[in-house]
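Colleague: Next come the chains, spelled out residue by residue.
There are 2 protein chains.
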Amino acid sequence: FSLVGKIATDDYVGFTFFVGCMAMMAASAFFFLSMNSYDRKWRTSILVSGLITFIAAVHYWYMRDYWAANAESPTFFRYVDWILTVPLMCVEFFLILKVAGAKKALMWKLIILSVIMLVFGYFGEAVDRDNAWLWGLLSGAAYFVIVYEIWLGSAKKLAESAGGAVLSAHKMLCWFVLVGWAIYPVGYMAGTPGWYEGIFGGISMDVIYNIGDAINKIGFGLVVYNLAVTATAKAEA
Amino acid sequence: FSLVGKIATDDYVGFTFFVGCMAMMAASAFFFLSMNSYDRKWRTSILVSGLITFIAAVHYWYMRDYWAANAESPTFFRYVDWILTVPLMCVEFFLILKVAGAKKALMWKLIILSVIMLVFGYFGEAVDRDNAWLWGLLSGAAYFVIVYEIWLGSAKKLAESAGGAVLSAHKMLCWFVLVGWAIYPVGYMAGTPGWYEGIFGGISMDVIYNIGDAINKIGFGLVVYNLAVTATAKAEA
Ligand SMILES: CC1=C(/C=C/C(C)=C/C=C/C(C)=C/C=O)C(C)(C)CCC1
Ligand SMILES: CC1=C(/C=C/C(C)=C/C=C/C(C)=C/C=O)C(C)(C)CCC1
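Protein chains in written order, with the working numbering: chain A, 1419 to 1655; chain B, 1419 to 1655.
Derived from the structure by calculation, the hints contain no laboratory data.
Since the list gives no way to pick out one identical chain from another, each pair is judged satisfied if it fits inside one copy or across any two copies.
No farther apart than 30 Å at their CA atoms in a straight line, the calculated lysine-lysine pairs in the DSS-like style are these:
1. K1459 - K1521
2. K1589 - K1516
3. K1589 - K1522
4. K1589 - K1574
5. K1516 - K1459
6. K1527 - K1589
7. K1574 - K1459
8. K1589 - K1575
9. K1516 - K1574
10. K1652 - K1589
11. K1522 - K1459
12. K1574 - K1527
13. K1459 - K1527
14. K1521 - K1589
15. K1652 - K1521
16. K1652 - K1575
Only chain A is shown next, with the shape it has when bound in the complex (with noise of 0.2 Å):
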């Protein structure tokens, strides 16, 4: 139980490490147990949106043991974490647009993307750190491909067609990709070395990250559950 002892009171990040953890954990207690009182057309959505705060829940755990251990950045776990939470996001994305008739190869494309952005952003953070403002760029150019699928692409036609909730929700979703997974370049900037070295002086990248998990798995996450709730009253009424 050192572990439990070592935690100092002004450890900023572990706090986030903690916060995060708990966070994710309620956050899959909330979603698991209350899937089952909305339409069954939802379910399975929010039960995603369950599956990416648990797996986040366990990663944070690990991160938290590890940061408090070795107070270093748990590049490994995090893109554990990412690898299999970002590609159920896109499943998300998909599962919203399916009743609007979306096609699985939307969410392949999605899913192929993000697993691109995030390998050349694991060579970045972990593999050639010299060259990371390369990678970095790399990464980038598949999330601004991402970012104009859902925006400007076939998604955006399919949730027009469906309106009503599942369009505000689509909106909703298409704002998070852009402004809150934005946040993960900007960590990405302060934790690496380049030429944008200093401008985040400062300020930890794992706090920017930690900021940013949950803001975008708990709030995603909260935006399918809440189109659950409003379709599934106007269903009612």
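Guided by the hints, dock chain B with the ligands onto chain A, whose structure is given.
Modeller: For chain B with the ligands alone, kept in the frame of chain A given last:
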């Protein structure tokens, strides 16, 4: 399992950590497993009650171990717990009054005030103990604004317009905040240096906080639970 062997039979602080941990776990099981027996519109409220005790159960688990290992106040974990559970209690307030037309602005106001209250408290207990009286005063000011908001502000009018079971649940919760939450500043004074030193001489801060948590987290949840039971019975009659 050396931990289990270490608790001395006269370690009353450790005793309250153990009892608190188990009580929170049992309360979580109770709320989670009973939520689906009541009207859907109350389920989220019961679920949130369960999340509050669940989060507390996890932190009591840490605090118990921390206390057993170090025999000192687990300030860090205490505040990680509060920073999550107190805003969730503000969400509860909102959920109950939502049926009466409460706006999200009320919820955010309460959440922000409660975060301010806790951040100041943490500074006094952990960062700048020499000026604990000042941080406590600032924290107490935020606490008073919360009390004012719910007893005399817009929340009161909403509760009155709803009447019936909602009004009486709201009243009970108001009393919890006024009397139940007032236990915490007493614990704070018992555990920090200041002109008030010795007034509560001898009583351990952690015992006071643990009693406060048991009353506020479980009691608060039971009030919400009771509202769901009463309102469901009435709706079915
Ligand atoms: C653009 C970019 C990145 C983007 C990362 C993103 C967008 C991660 C999203 C993670 C999510 C949404 C997790 C939540 O479950 C990296 C890899 C940091 C490398 C630098 C460039
Ligand atoms: C006023 C005041 C405080 C109030 C703390 C409160 C009111 C905590 C409530 C916690 C609850 C309700 C937890 C249950 O989940 C502090 C921070 C001790 C600092 C001293 C002044």
